[in-house]
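Asker: Below, each chain spelled out in residue letters.
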Amino acid sequence: MLIEKYIYLAIALFCIGIVGVLARRNAIIIFMCIELMLNAVNLLLVAFSKMHHAAAVAKGATAGIEGQLFVFFIMVVAAAEVSVGLAIIVMMYRNTHSVDVNFLNRLKH
Amino acid sequence: MIPVLLIVIPLVSGLLAFLIKQEKNVKVWSLLTSLVTMVVAILGIAVFHKPEYLHTDVAWLPNLNSSFSLTMDGMSKLLCLLTGIAYPGIFIATWHSTYKNPHQFYALMLLMQTGLLGVFVASDALLFYFFWELALIPAYFLCSIWGGERRVAVTFKFFIYTFVGSLLMLVGIIWVYMHTPDHSFAMTSFYKVNLPGNTQGWLFWLFFLAFAIKIPLWPFHTWQPDTYEQSPTAVTMVLSGIMVKMGVFGILRWLAPVLPVGLWGYGDPAASMCVIGMIYASVVAMQQDDLKRLVAYSSIAHMGLMGLAIFVTSSIGIQGVMIQMFNHGINIIGMWIVVELIERQFGTRKMSELGGLAQQAPSLAIMLVVVSLANVALPLTNAFIGEFMMFNGVFSSKASNYHYIFMVVGGISIILSAIYTLNMIQKVFYGNTSSLTANARDIRVNEKFVLAVLLIGIVIMGVYPKPMIEATKHAVDAIYSKMFIKLP
Amino acid sequence: MDISQVLFYALSAMALGSAIMVVISRNPVHSVLWLIITFFAISGHYILMNAQFLGIVNLIVYAGAIMVLFLFVIMLMNLNAETEPQKNKWLKLAGVVAGGCLLLVLVAALKQAEVKGKVAMLETGDIGLIRNLGKALFTDFVVPFEISSILFLSAMVGAVVIGKK
Amino acid sequence: MNAIVISAVLGVVMMFCGVFTNSKPAVRFVAIIGLLGLLIANVLDMGGYHFFNVNVNGMLAFDIFGLLFNTIAFAATWIYFLLSGRDMERVGVNLAEYFALIFFVLCGIAIVSAFNSLLMLFLGIEIISIPLYILTGSDKRNLKSNEAALKYFLMGAFSTGIMLMGITLLYGAKGSFNMEVIRSGTTTLTPMLAAGLLLLLFAMSFKVSAVPFHFWTPDAYDGAPTVFTSFMATIVKVAGFIAFIRLFEGCFGEVHKQWQLLAAIITAATLFIGNITAVFQQSVKRMLSYSSIAQAGFMLFALVAMNETAKEGLIFYAAAYSLATIGIFAVLLKMKDYTFEGFNGLAKRQPVLAATNTIFLLSLAGIPATAGFWAKFYMLSAAINNGNVMWLVIVGVLCAAVSVYYYFRVIQAMYFKDGEPQEIETSRGFKGLLIVIAAVVVLLGIFPHWLINQLYSFFYL
Amino acid sequence: MNVLQLVWLVPFFPLVGFLINGLLRKQLPKSLISIIGSGMVLASFIVSVLLFTEVKQGNTAVVNLFDFISAGNLKIPFAFQIDQLSSLFLLIITGVGFLIHLYSAAYMHEERNEHFGRYFCYLNLFVFSMLLLVLGANYLIMFIGWEGVGLCSYLLIGYWFKNTEYTNAAKKAFIMNRIGDLGFLIAIFWIIAKLGTVTYTTTDGAGVFDLYQKLTRTDVIGITLLLFVGATGKSAQIPLYTWLPDAMAGPTPVSALIHAATMVTAGIYMIARSNVLYTMAPETLSVVAAIGLATALFAATIAIKQNDIKKVLAYSTVSQLGYMFLGLGVGAFTGAVFHVMTHAFFKALLFLGAGSVIHAMHHEQDIRRMGGLAKKLPITHITFLIGCIAIAGIPPFSGFFSKDEILAAAYTKDKLYYILGIVGAMMTAFYMFRLYATTFLGKFRGTEEQKHHLHESPAAMTIPLIVLAILSVAGGFLGVPEVFKPEAHWLEHFLAPVFAESARIKGEVHHLDHNTEYMLMGLSVGLAVIAILVALFRYSKKPELHEPAGFGKVLADKWYIDELYNFVIVKPLNWLAKWLNSFFEKKFIDGLVNGVGRLVNYSSRQVRLLQSGLVGNYVLLMVLSMLALFVVKFLLNSK
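Residue numbers (numbering that gives the first Met the number 0), protein chains in the order written: chain A, 0 to 108; chain B, 0 to 487; chain C, 0 to 164; chain D, 0 to 460; chain E, 0 to 638.
Bound conformation, chain A alone:
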């Protein structure tokens, strides 16, 4: 499979994620869209990892492995982030009974 296709796909997913962040007001949905962005990145990383592996397969069998490990770490971090992020969102909800980010405008100017 040509790498461009993966690139386009990943970018498309990434941008859909961004649009989601831009277009939604629900903090949880926004957060989910960010997760979508991360997944786009993961996909692209794996694709690149395979590409580099293919290019270097003659020289070293493990070339490209760091891409996949990076994906692993991204997942780890994402998990950590989610735990903290959801905690914050829940805390917010407890205080305001809303997850609408547009209500978050006590701090401005």
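These aren't lab readings, by the way, just hints derived from the structure by calculation. Computed from a prediction, not measured in an experiment: that's the story for all the values here. There are no misleading hints in this set.
Straight-line Cα separation of at most 30 Å, BS3-like style, residue types lysine-lysine; simulated pairs:
#1 D:Lys335 to C:Lys163
#2 B:Lys397 to E:Lys213
#3 B:Lys349 to E:Lys570
#4 B:Lys472 to E:Lys193
Dock chains B, C, D and E against chain A, hints included.
Answerer: Below, chains B, C, D and E alone, put in the same frame as chain A:
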């Protein structure tokens, strides 16, 4: 050694003054300090005038090739002397003024003196900039705490305005520093820099702005009348008598010899600003009712002449500037003392509310008249010598194509200065007494003493200027030769 | 067009389609479900590229754990289409346009990418196997591995600080 | 490595401290002592005493630059603990946890000052960010704190996504996360490299709150408990810069010319927006957060100029800026009213606070004889030395002049205005410490190289 | 020791007097003050006489006191030059000066002690400055004296400082003088720029008058014109004359000394001193002659309708100064100097006489309220009459000789000059005798009280009158024209060395033949006598008491020149100042400066709105900026 003492004495004593709580004590303390400083300055000029006494060079920032290097040369001598003399004079003359928190007031005054003296003796560009800014901070606090009604806003404007200028100068200094042959901030290295013409052109404006704002030259002058008006008079004396000289001094020491091509290239526009300023300030001065503002505008006019004399580049003009810096300092301090005496006694500086003082306070009147005459540069007063040389320099300049026009138009300010000065004398001293001045009393002994010393100085320097000219001669030659040597 | 290509396109379409649905679903619960479908599609891609471990982990961690957490929170808050706040139409449009432009710009920028024409190897190569990954993880990548533990610790402490009444 | 391990351990220790003791002074004491130990360990690291010989496999690379920065960051944090540690108690009950989180942040700082792989950068930044999200929202009942935390978190996560995309693109182009590999052979910016670079630039700009990625800063700083704002706005922020410089010099140093303009644009925008917006603020706290953006603009000069002067200057800037800002925040923490009016007449009631605060403000404004002057001096020198960006230098100095406007408003309030008497509790030690810091600021302002020379000479022992 | 080396004593004495009187004016009694004041001038006079005897033998000297300004190539010593011209002026200044000091002692007796001291201190300072002016060996020293006398004039005009009108007059005098001074100053710079020196002449031929040939035509015309601008200021010529009539606000002896006898002749002295340069510039000389003549006539017309005794004399002074310039303009340097001398005698006499009258009339100056004073004030009357005859140019009084010399030279130059000059002379005779007749003849028209107190002045006042009267009568014999007696023009021979160089340049001068000269003399004397008779006839019985109307009013109001100046210069200047101060300065320049501040404030207020508080907006802005930077990188900067 001498320049170090000049800086250290007021600095240490100023810091100590913060701790002296009694008003009387702190006054005595600062007076003594200033007297000691004066003696040191005089010693440096008269007794220990060998180079080894007058030059200090201590490593400061080896990584940047900047050293704590101080030199009291021909150029700085007169200004150090002026600062040395002015301070005791100011302290004595304002002895009866009372300030809240006097210890802070006097401490800041002494710290300001440190900055001023530092500017005059620094022979390292970075050090110069340091002191340049340091002189400003105490001035800011002095004006803002002890000034008049609008003091905070006015002083703030003054501060920011000058700060903008000095930051631009800092950029210029760093640029030049990068291009010195030995990558050093030392004055000697700066003088060796040979930059291409167009670079010198824009660098010229960077430096020029800083100095023009400080001097102040038209149209950068609007901070000045307000600040002078709002500051306590003792501070105004320092500001106008000494601090504005920093600008002129800066041009002579750091602009003209370093960027001669820039100066040649843009001398005419700069000089035009000076000339316009001379006329403009004189005309505006005619409309002033507040004594302080009047003196402020007159100072703008006079400083414009100094700028003009430098920007048209002539040896005698620069010589004139050198001694005029001193003379103008003396005269304007005299002027302020009189203003202060009037304000303290009558609580107003409005000329329209005064009048007839000549009957009630003849000594004051005489002092004011003589100082005013020096202000209009009447012959046999000190200012005449300087103005004569400066105008002469302008007229005979070879660098500018418009020097005749500059001189003639600038000369009109001589007439205008007579108009506003005489108006002032008339309104304040002549005519009938007003309700305020009916019971005026004459001046006290200490004030009389300071003024008398000033007057004697004014006349002596006006009659026999030779020592001053001699003292600055070599400095003038040095600068002048540097202004020409690097012509492409 | 061989089977892997067919699969690729199918999975891509699925991923994109469900991703769009995530964004446009009014009901947050639906969004979560669509996102899970997206993750499945992406896992499919991983497996297609012979990165089985990641494919599995993706399903377990993301679809299984994280998304459940989301769903749980949404349920907890009782969010649904009615409570869903609606953004100003223009702002929404601006968001879409901006995102679209970004897509265009990125695509334009990467069209001439230096990797153009290279192939991402499908189904072959064994770097995606647990054995290889594990070996690398505990040799070359042991430092980041340990450090990620600090990350978890801090997240844990954080969750405690925030969550504790 | 000393710093990374020990700070992590200290974090854990603090966690357990919270479990085993309820005595707040004890917790604080442990934290202060621990941090001192961390500082010493780091200095020893500089001197060649490595406690942990870990094979980092090219993931980390310790150099003097990073270690020096660590030292400064730890020292600043130590001062911060001493000055404001007591004020943390007022935020909430989890004092030990706060300290633990701060230690984790320090661990992240130690990582970002030594990363050699983009993976470590990512981890480091996350280790810094996640505790900060928590700390921002640690005042749980306070809606502003909640809001700040959520905003910070959402935007932070967003920027993490951007950064990861950037890293991915670099990986695609170069096949490795190692900075040396990325750097080697990069003589021109190919499209993918350029795209990756841009995305990384955006993400890092976000972390250092450079305009136009600064939007989170005022809100997060304003909403966060003031005591943590102090930490975030100083130590964390300059750590971001260290990472920023390290990343861009390490990866794209060779092609500096090709992205200099972008950096310059961002810098100019940061200077402009930061300074201009600060002018109109009514709250000193919020003003300080804009001021931190403005100061970031100056620190970005290091990125634009990218030479030795710039790096040395950045270290200096870090120290000068952190010291002054921590000092101001420490004073601010004692105030009940964060508006400018709250400072009215402070000089009469608390001359020491007012005087030291004045020195800090002068330092921030870059007045000579304070450390801040040299910070700006180095940055300007670096940019002038670079020569291509004179316009930026001029913008910089004009903005510096604007900065005087808002810094001096505080001075004006303290000295030239009369205000309502308000109770301010200060201990003698607090005042003494403030005086010491002010003295250091002035000392650094007069002998800027003293500190650096001391550290260097120690290192070369 | 050469007596000439003592020249510094001449200004030294008045300086000492100035210092003593100035510092101790409150302590010393009036008598001592007047003794010191007058005595010092007398001492100067004695030294001047000594010097004069030396100079008469043909000895001249330049005495260097010390280096004044010495910078670069420019060396200006503080030096005195004693030669024929300066020594003559010394005699006039100190001699007449002494008499006036003496007179003042009595005249000012009513003043309070300290003011009396102040008066004498000013007066001494004036003498000192005037002596500097004439003694200076270079233009700069002359300029010092030049400004110095201007200052003293200012101080003395405003002596009664309570009166705002007086102080206005003083101010006006100073400012008008300053305008002239600027011209003088520029001339000095011009000379320095071209010749590098301002010393008149040196033994090694490096002075201005030695090197004048190095000057181009433009230079020399420019320099002389500018010097003349200075002269018009000091010597009250068109267009700068208006200060002099106002200067009569000062005490009368001051008017006599400064505004008649000495200071105002400084311009003549200066041109006479620079005769070489002027001879090189015939164009300038024409200008000088034209201005001089115009002033002479113009002022005379005004004098006809003035009713203030001092105003009449003031305009008469302006007019006479015009004659002197006419003399200079037509090349009769000696004649002009001669007229300076005789004018000093008779005009001082007239002023002092007027002072005596005013003294007697208790400060009444309006001649319409006088009349018939001849009997009450006999000495004043006689001496005043002598003064009038002298100024009218009736032989053998001094005025005749000097005026005639000028008119004869004018005739040689251009007959029109002569005709106009003689018309002026006629008018002079007319208004002087109008004054005389109205004041001394007819009936007394003052109040009873004035009449009661009317008495002759004390001896200290009358003695100077008598001495000056004698001089007015006899002074003319120093310059008896060649026609009467060959070689009798002592003054011409005495001054010949001073004007030798210009005489050489001019070459052979065409002399009038004796018949023509007699005819001219006859004509002028005849016309003057007619004018005198008409005046006496008209005014001795029925003086003109009503307010003048028609053209007379124009004359009485001085051709409205003051109003014109006011309208053309003063008002616009004030208006400009007001506009600059209130609009340009505050609104424009300061407005710009403050505008920058306000702009910062304004943009702050606007820019902070970006910080809307909404995460969506923030992210949108971030994405848009990312887009923009991508565009910058990839489309604009696609390297």
